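Number of protein chains: 4
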Amino acid sequence: MLIIMRLDASRKEIDTVKEKISSFGFTPHEIPGVQRVAIGITGNKGKVDSENFLTLPGVVEVISVTKPFKLVSRDFKPESTIIDVGGASFGGEELNVIAGPCSVESRAQILEIAQIVKEAGARFLRGGAFKPRTSPYAFQGLKLEGLEYLKEAAETTGLKVVTEVKDTETLSLVAEHSDVLQIGARNMYNFSLLERVGELDKPVVLKRGLSATIEELLMAAEYILSKGNYKVILCERGIRTFETYTRNTLDLNAVPVIKKLSHLPIIVDPSHGTGAWDLVSPLALAAIVAGADGLMIEVHSHPEKAMSDGFQSLKPETFHRLMNRLKEISTIVGRRI
Amino acid sequence: MLIIMRLDASRKEIDTVKEKISSFGFTPHEIPGVQRVAIGITGNKGKVDSENFLTLPGVVEVISVTKPFKLVSRDFKPESTIIDVGGASFGGEELNVIAGPCSVESRAQILEIAQIVKEAGARFLRGGAFKPRTSPYAFQGLKLEGLEYLKEAAETTGLKVVTEVKDTETLSLVAEHSDVLQIGARNMYNFSLLERVGELDKPVVLKRGLSATIEELLMAAEYILSKGNYKVILCERGIRTFETYTRNTLDLNAVPVIKKLSHLPIIVDPSHGTGAWDLVSPLALAAIVAGADGLMIEVHSHPEKAMSDGFQSLKPETFHRLMNRLKEISTIVGRRI
Amino acid sequence: MLIIMRLDASRKEIDTVKEKISSFGFTPHEIPGVQRVAIGITGNKGKVDSENFLTLPGVVEVISVTKPFKLVSRDFKPESTIIDVGGASFGGEELNVIAGPCSVESRAQILEIAQIVKEAGARFLRGGAFKPRTSPYAFQGLKLEGLEYLKEAAETTGLKVVTEVKDTETLSLVAEHSDVLQIGARNMYNFSLLERVGELDKPVVLKRGLSATIEELLMAAEYILSKGNYKVILCERGIRTFETYTRNTLDLNAVPVIKKLSHLPIIVDPSHGTGAWDLVSPLALAAIVAGADGLMIEVHSHPEKAMSDGFQSLKPETFHRLMNRLKEISTIVGRRI
Amino acid sequence: MLIIMRLDASRKEIDTVKEKISSFGFTPHEIPGVQRVAIGITGNKGKVDSENFLTLPGVVEVISVTKPFKLVSRDFKPESTIIDVGGASFGGEELNVIAGPCSVESRAQILEIAQIVKEAGARFLRGGAFKPRTSPYAFQGLKLEGLEYLKEAAETTGLKVVTEVKDTETLSLVAEHSDVLQIGARNMYNFSLLERVGELDKPVVLKRGLSATIEELLMAAEYILSKGNYKVILCERGIRTFETYTRNTLDLNAVPVIKKLSHLPIIVDPSHGTGAWDLVSPLALAAIVAGADGLMIEVHSHPEKAMSDGFQSLKPETFHRLMNRLKEISTIVGRRI
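Sequences listed follow chains A, B, C and D, in order.
For the first sequence, the residue numbers in this note's numbering are 1 to 337.
For the second sequence, the residue numbers in this note's numbering are 1 to 337.
For the third sequence, the residue numbers in this note's numbering are 1 to 337.
For the fourth sequence, the residue numbers in this note's numbering are 1 to 337.
The shape of chain A in the complex, shown without the other chains:
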C-alpha cells in the first residue's frame, strides 16, 4: 500500500502517518520525491484498511498496490532514481560505462586494462575477484589478492570499482574494496545475500537471473530496498533461450519495460548477453537507443589469453571505437557520456 502526501504536507504530518503505520506493526518507507512525499507500507501480510490513513491530515490518496513489488515501482516513486557514485551517476541524463576484464588475473593485467578503460573514457572499472563458477574445478578468482589489485588499479587511474560479491561471508571484504557491489545472475534468487546487501549503504548492480522474468528481477531488487538500501542499478545480461548462435539472448525489451515499471536505473551487459565480441558493439548502441542508463562491457588487452570469457571481450582498439560511437549516439537520444 502506498500513501501519497499533499504537496505541502508538513514534516509533522508525514511523521504522524509513519507512526500510525508502525503502530499496526508494519514498516513505513518514506520516499522523498521532487514534488511530494510518498510513504510505502511493507510488512503487512494481508490487506491494510485504507480508511485508517485517508482521514489523517496531509494525506491525498491511498493506493492499493496490486503488483507484487512496491518500493521499486514507479507508482511508488514517479521520478527516476539517480544513483551517484562519487560524481558519476546512473539514471539521469549522464550515461556511464563499466568496463574491464571478466576476472582479475594479475596485478599487471588489471593495471594495464584500467589504463585502457580510463583512456577510452569510461569511469568505472570491473573485474571479478570472487567468481561463482558452474564447475568446482574452474578458476574461482584471485580472491582478496584480486580485490587489492583492483583497488590499486582504480586508485591509480581515478576509476571507480565495480566487483561481484558471491556470498555473505565475503561481503564486508568486497564492500571495503569496491565502490559498487555486483550481484551476479546466479545469485539473483539468493535472498539472504540480497537482504544483507540491503543493510549496507552502497550502490549495487543487480543482474537478471539466467531465466528470470522481469518481475522476478524487480522482486529481487525489492528485497534490497525493503532493507533500506535504495541504491540499486538493475542490469539486463541476457536470458536463456533455444538460440545457439549466441550464448544468451540479450533482452532489450526489458529496458523500456523496466523504465515503465520502475524508477530504478537499468544498464545492459552485451558481453555476457551475447557471448561474442563482434555482437557487443551493435547491441551496446542499440541498448542506449532503447533507453538504457549505462553499459557493462568486458575489455581485455589479450582476449586470447583470458582465464575466462575471452571470446566475448573487446580488444582495446574496438572498445575505443565503441566509446566514440556511444558519444555520437548518446546526443541523439538526449543523453551524454
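These are computed hints drawn from the structure, not numbers from a lab.
Please read these numbers as outputs of a predicted model, since none were measured by experiment.
Each statement offered as a hint is correct.
Same chains, same names: a pair is fine if it fits in one copy or spans any two.
Below 30 Å or equal to it, Euclidean Cα-Cα: the simulated DSSO-like pairs (lysine-lysine) are: (1) K259 - K18; (2) K143 - K202; (3) K305 - K260; (4) K143 - K18; (5) K143 - K227; (6) K143 - K20; (7) K260 - K327; (8) K259 - K305; (9) K227 - K20; (10) K143 - K305; (11) K260 - K315; (12) K327 - K259; (13) K118 - K143.
Could you slot chains B, C and D onto chain A? The hints should help.
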C-alpha cells in the same frame, strides 16, 4: 559444396563447371558477385568429391560446407543481397518501413491508413487479408475482398503491398494482389508452402517461427532459394520466452548474427515482437542501430477498435514521430530512409 | 457456448434448438453423450445471448464457455471419446501401440519391420512416406512409392497404417493409402491443412508442436472438429527445452492435464520425445501409468542403417521386451493391450 | 582424471597412487567399489599427464574425463550409491517417500500431519522452517520455532526429518534439527552454500534449479562431493516451460538420463513439479516406473488453509490411496516401499 571461380573466369569456364555438376545429377546455382562468381551445388545427398572440380579451368577453390544452409550463406555470396521492389529496396544503404494495420477490416479503413502511412514517409503498406489464427472461431480476414481493398489503397497512394500468404491454395491469388508476399511465423515450417513460393519470381518476407532458432529460419529461407527464388527478406518478430510483460521477446541479437551468417536482408517487426505499442518506438530505433535493413510496424487509425492486435498498433501521430526519429538515427548509422 | 439438453429431450426439441442456432447464422454441433445431448455453437464472433435458448423446451442449461476451445472440451462432452479403427481403438480400456520405422526406406525394409511389429503384438504400423524435413537437402521420403509399400506391408500382416500427411496437395493420396492420418509437430499450426483434414471422415493423430502449449494443441484439434471430423487422437511428442541430453523433453504432465480438459484420446511418442532409444522403454511405461491411451514407437530392424532417426529406434528384441512389460503394467492401471 | 586400480590392488598400492596425486598439488578421491577401487583427481586446472600414473603398480587404466563432472559420474563409480538414513535408504531396491506440508505452520499442524504421513507408510517428514520466497513480504517460515516443532513431530512418530537450508548462516542450526538437508531450486547455483554443505557428514536432497539443465544439476552435486560429502540425493522438481496449465513441467526424462550418467539416487517431487494436486498421483506413479528412487510429496490436513502451496498438497485420504498404489506398482518394477 561451393565452387569459387577465378576473378577472370570466362563465361565458358563457368558453364563447364555447371555442366559437370549437372552431369552428376546435382543442381548448380550460379551466384554472380561484384568480384567473382561462386557456384553452389545442391541436390547431393552425401559428400561430393571436390577433386572432380578442382581440376577444371577457372576454379580457384572448392569449399566443403559444414553449415546446414548453403545458398543463404555469406560464405556462398559475400556481398549483401539488395532486393528491389519497384524502386524501393531492402539490404542496401536504403532503409524501408512496411506499415499498416494487422488486418484489412474495410475499404474505408485501409484507404485511410494507407494515406497516413504514405504521409509519414513509408513506402510499403501492410494488411492481412488471409489471417492464420490460433482459434478457428477468430476473425480470419476479409480474404479476396481484403486483397482488393489493399490493392486499391496501394494504387491510390503509390505504396507497395505486403500481405500474408497462408496456404498454397490461395498463393496465386495473393501473389496477384501484392508486391511482396509475407510468410508468417506459424508457416515458417510449412515446407510445401516455402517450396511453392520458391517457384515464384516475387519478393518474400519470411518471418521467424515462434520458437525457431536462427538456423531454422535460415533453413526455411534455404527452401525458398533452393527452388530458385533468391528474393527473401528475413524478419525477426520476437520469440517465445518466459517473460509475461511482453507478448514475445524481440531478439535484436538476431540482427547482427544474421548479417554475419547470411547475405539476405533482415528486417524487424517490433509490433508483434513486443505486443505493446509503447515499446514499439524504442525497439524500432534500437533495431536500426543494431543493423536492421528495415522495419515492419503496425499502424491503425483507431487502435481501440481494431479487430486484431489493436494494443500493439501505433496511432497515426506516434507513427509520424517514429518516422522522424528514424530519419535522424539512420544517418548516424550510415543509412537513409 | 454450450447448450445442455434434458435427459429425456426429444429429437424434435433437439432439432428446434439447432434450427434456432442456424437462424442466427451460427453452426450447431450436436454431441450425443451416454446420458444426454449437448449442442455446441460455433461461428459466433462475439457473445451469444443465452436468453434466446434457455426458454426453448428441453433445454436444461446454457453454459458460456470461457476456455478458448469448445468441441474438444470435456465440459462439452463429459465422457471420453473412443476412436475405433477397424476393431482396434483409442480412448477406451484398450491400449494400442503404433510402431514402425521413421521413414519407409524400401519395400523389403517395411515388410520386414511390419512382421516384427505384428509379432510383438502391436496393431498399427507407422512409417513416413512424405517427410517434412528442416533441410531441403535431407531425404524427403519415398512419396507415393513409400505409401504403396506401406499399404502392402499392412495388408500382408493385417496391421493398420498410420502415416504422415505433409500438405493439402498430397492429402487425398495419403488418405487413400492409410487408416489413420498423422499431422506432424511442424504442421500443428498449419490451419489450412487442419481444416481440410477436418472435412474427411478419417481418424487423425495430431502431434503437439515443438514449443506449443497444451491449449494450442487443443485449439489445433478444435480446427479439425469444427469442420466435422471428431476422430482426433492427440499425441504428446516432446517439447523444446534447454536440456541437451535429450532431443526434446517428453512432457508426461500433458497426459493427465489433457485427460482433464478434453474427451479426446491422448497417446505418447517417447521416440521423438526423448531422441534416445535407451530412454524409450522407461518413458513408454511411465506414459501408460500416467494415463496415456496408447503409444507411438519407432522400431527399426537395423537402426544403425536408418535413413533418419536411427538413434531413437528400438531394435526388434528391445521392442518385444517393451511390449511384454507394457502388458504387465497395463493391468495394474486397469487397461489391456 | 580417473585412475582405475587392479581388482587385487593392495592398500599400499592405492596409497602410493594417492600420494603421487597429492605431490602434484591435486586432491585424490578414493571411491571403493564392489569389485575394484577407482581414484578420482580434482584440483587440477589443466590436463594431467596420464604417464605419471600408468607406470605405478596396481594401476589398470587412466581415464581422461571429458564430461565436466567427475565424482558424480557413473564412469567414476559404476555401482549405484545407496544412501542410508537411519535404516531407510535411497538408491537401492527400497523406495522411500518424503511427505509433509510445504511449511511448518504451527505445532499442532505438523504433529497432525506427521501422524498422517506415518500411518500412510512414509518414513520421512518434510516441512519448511526457513522458506526462500520470491517476495520479501511473503511468509518466510517459523524459523527456529518451526525446526523445533518439526523435530518434535519426528521424534513422536519415528519419522526422519527433511528440511530446507536457505543460507550458510542458518546451516548449523538446520543441520542440528534434521536428518536430511534440502537445498532448494533457487539455491542450486549458490556455490558457497553447496561447498559448506559439502563439508558436513549429512545426507542432502539437492533440487534441480528452475531452468537448470541436467548437467548443471550434476555440477552442483559435484560441488558437494568435491568437498567430501558423497551423500547427495538428486531431486527432479519440474522445470520452467511455456506451459501454463501446470506450474512447472515435471521432467521425467531426467530420471533415466540421470541413472545413466550418475551413480547418485534421484527422487521426484511431483507436487512442485506440477503445482496441481490432481496431477500428483499419476505423475508420482509414472516417476517410479521411469526408475525414480523415491518421491517427495506435499501433504496437508487442510490444504485450503495452507500458508503456501495449498493447491498442490494432497489431502490425507488421497495420500493414503497414493501410498497403496505405489506399493502395488513398485513390485512390478522390482522395488519395494
